[in-house]
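Take each chain as given, in its own frame, and dock them per the hints.
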Amino acid sequence: MQNMTGQEVLLFYIVCDESGSMGPNGGIAAINQALPELHATLAADPLVVDKSRLSIIAFSDNAEVILPLCKVTDVADMPGVTEAGLTNYGTAFALLQSTIENDVNSMKSQGFRVYRPCVFFMSDGEPSDSWELAYQGLTNHTYRPHIVAFGVDGADPAILAKIATLRCYVGRDRASAGRALANVMSSIGNTIITSASNAHAGPANIDLPPVIDGFDSIPLDTL
Amino acid sequence: MFNRKDKGEGFSSPQSEVEFIAETFEPENSATSFSTAVEDSAEPLDVTVSAPSPPPPAQLTDDASLAPIISPVYGPKTTFGSMPWWSEKNWWKVAESGEGNDVRAHVGTVGDLALAVTSVRGHKHRLGGAVNQDSYATRTVTIEDGRSFIIIVVCDGMGSAEFSSYGARLFSQNMSNVLALTVSGAPDDYQEVLIKYQTETLDHVSESVFKYREDEFDAPKINRDQVTVREIQCTMTFAIVPAFAQDASDKTRYATMGFIGDSPAFLLENEEWHRVDENKDGSGIWSSATEGAINSEKMLLQEVAMRPGSALLLTSDGVGNYMRFGEKPTALGHDLATRWAQPVGMLEFIRDVSFETQSADDDRTAAVIWVDR
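As given, the protein sequences belong to chains W and R, one line each in that order.
If you count by this note's numbering, then the first sequence holds residues 1 to 223, one letter each, in order.
If you count by this note's numbering, then the second sequence holds residues 1 to 373, one letter each, in order.
Think of the hints as simulated: they come from the structure by calculation, not from any bench.
Only true hints are included.
Chain R is faced by these chain W residues, among others (derived, beta-carbon under 7 Å):
| hint | residue |
| --- | --- |
| 1 | Asn3 |
| 2 | Met4 |
| 3 | Thr5 |
| 4 | Gln7 |
| 5 | Glu8 |
| 6 | Pro46 |
| 7 | Leu47 |
| 8 | Val49 |
| 9 | Asp50 |
| 10 | Lys51 |
Glycine residues also receive a C-beta, built at the ideal position from the N, C-alpha and C atoms.
Isolated chain R, as found in the complex (with noise of 0.2 Å):
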């Protein structure tokens, strides 16, 4: 086992040489009005209705029992979230491929665990009518022994990349299958395993991410010997957590975590959030580089100590740089730590990641992993 932060190692990746000039500034002082109630909402069809008639046309309504549908606003309203979908701006269109992955979701359980994991399409890419370009795997490994692990990957296709839906959620499909395998080959030793052998299996990755078939579903619709990495690149960042306590004294078990980019991951404890992944430069400045997964030889390791009680959150950017603001969290990490402070209802998951707040139009995935259930 491996200690926290210590043994993974940093990198960097030729495929990220985007050239990045505007940069944020430090936060200060923060004193805005802001506001998570509920506001617009449209009223329930009525599902009995047995005549052929129209249905009535949707009301803004103030009807509290819809809370759980609609999505929280943080902050002032959105132009976006200011009207419904089908209204006639035509701001949320489908996905010219069809597969714009709206929303997709995952909930179950695995021994102590729960998982809830959900990837809702972004503002920006339903106004362009293109697809969600995050994608996550998740999959369980009981061994014969009877302990299982759940594993989940989340990777965020790089905006620039034209295909690089595909490419996360290959990579993520991919690389959650290699996981199992290592989990199932080492039960109590993966994570030298992954020390030791993390380029070859990144490269095993990356390899089966251009073994596609040109008439396969979503794949690109070009031969793959013309797509660059750069054209399908994605961040990952998984866990594999432990359905069992690993320390007796205090049942603790250790999620071992891995990153490539800059989707963020955090540990939630006593309803407080803390970030388990490394600033990578330090300097507090957004980073401008943006690695990718794909041809990457090595990503940065690290295990997380998890209590009774914890729960540990994988993000794509579109949720994660919203749930801090400098050492700070914003008025959505506030709301979600004690929201996922116990596992919630999967539309009640779905509708916290659709949250809205100006200016957060990217995808959105979010993954929590609430242990000892």
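Chain W with its partners taken away, still in its complex shape (with noise of 0.2 Å):
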């Protein structure tokens, strides 16, 4: 159709952890600060603006979308996580699903030209369900996301590094939850920035860092 201008478009997704252990350890304090600060500093980027689209996702016992996909700059306030309940990662791989999949058609039709979609999914504790089947769903889909995966707290490494895609970062110190999601938001928002300067029509790389303060690079599983 005449009317498409080919324009690329970059999603984000960031799945919030806010089960009941985020409270204590401080990790839900940490992101509800975070939030603001990653909204401004990518408010800022007219690249990212222009380039890229922000959704969050909260999840404990349920999976809501508290921040729909959307451009930075169309968000006057963002959203904030409370602490509730377990850790279900698997109402949250499915939930991750249907918004992607919703996401990116509604995209499409509306002529952008679509990358493959990041996730940065962020937790302190083990899974509480059983995740396995809603996550196969999630990463067997045409849409299915890079997945960056952090942990902190009691967050089990071996299982975070089945689920990240891309990269998995582990923090070191159990008793500093807040402090490294402090950091993690803030390696998501440089990736963010990065990634949509380096996207230019062509391939684009989701440019991820090396190394985040406080935290180890897990190895993903080889096949």
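Structure below.
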């Protein structure tokens, strides 16, 4: 159709664990402090604004899209997370799959060139549910996203390494989950800015930092 | 004369090992609102002012007379283009090296050919205070019997290469010189010469890129022994177009084109664009490999038949990737197919290439050769 522009867009999803344990360890507070800072950082970069879209999903017993996919400059106030319940990875993956499917189809129908989405998944604990089936549904989908996993506190490195498709970072110091998550959010901001800047009229890199302060990079499973 | 598309050779380049981990999905349906309308513009300064009073502040206006110098907007207005370049945002920085090449342009005629070429620094490099990494070179050849040719080479410096703007400039210049020598020496057989000696040609040009002196204009400020191919790498597209018809029956001429890398080229006929470089992997997914010209051993060579009224467009991907979406022309492609059906003025041409589309933040270079003007 003659009214298409061929505009490219990178889709980023931040998936936050807001289970009950995230309150006492400072994770909730850290995320809620970092999200507005992330928003300000991204909104100040015109390349990010024009080329990327951001969505945030929070999960515990259930999963919820707390920020539907949007341009960062369309957000007046960033939402926050609230501690509640268990750590059901499966509900997060199921919601992520349906959300990504709807978002990508919507963007494509509007004439966008859509790059494969990138998910930043962060958790402080082991999953409370049987998550594998939902994960397979997500990663076997045509629109399967790239997944970067971040673990703090009681997160199981082995499980996160199975979930991650690009890279897995696990915090070294279990006592400082709040500070670690602040570093994670900062790294997410840098990754989005660098990836948006490097994606121009062609293939895009998800440009991850090799090192995050206080984290070990965990090798992913090889087949 | 070789057959179109058949005799060029594919190749691979060892310099392009960047791992790309994201790709586009194929387009499906499309229904988006868009606007090609000229948007925010600045009032002209009063050139007759004689008193030393400051000029009036620029204001937004809907003055249609300014249309030729205002960038056209396709789709939603871009964030970058939503404010003047001198705004307090500091999104449009002077290049640290000073030679940012915000705009280069050439127009002119040779025989029955008309040429317009321009290169415009992209938003990404304006934001970062970096230089335009695209470059081009053009020249003409006229042999003793009066036949003339036009040569145009477009190079796109690879984004990850620190000195790629210099590599693109030198490679395009030196390649155009070698092509001119080839055409001069074999005006009836230069295609066969290029096919046969493409490795030697590319070797010669690649070597010449590294023969700079450290104090040369715009050259890397480090010893050339320390500069790797990856740091200076660029793509390359060239065209040699005869300024005369080679087929008397239908006044067709045959452009010779060479490609290394992902810079698209198009033939414009009857106000429709036809992409003339091949889809490298045929998958429909954007290729993750951007091949580099420097030290490549082979290039894709092909011949393009140009009939009266047609035009050839060479671009860097900052323009070419926004001409089509799937099998359909974009709003930009459709607009340019009409606007560039005939030669246009230099300022109009620069304006057209300075289009605003969200996410189109790369450097832009476009060269159009109109035949039988």
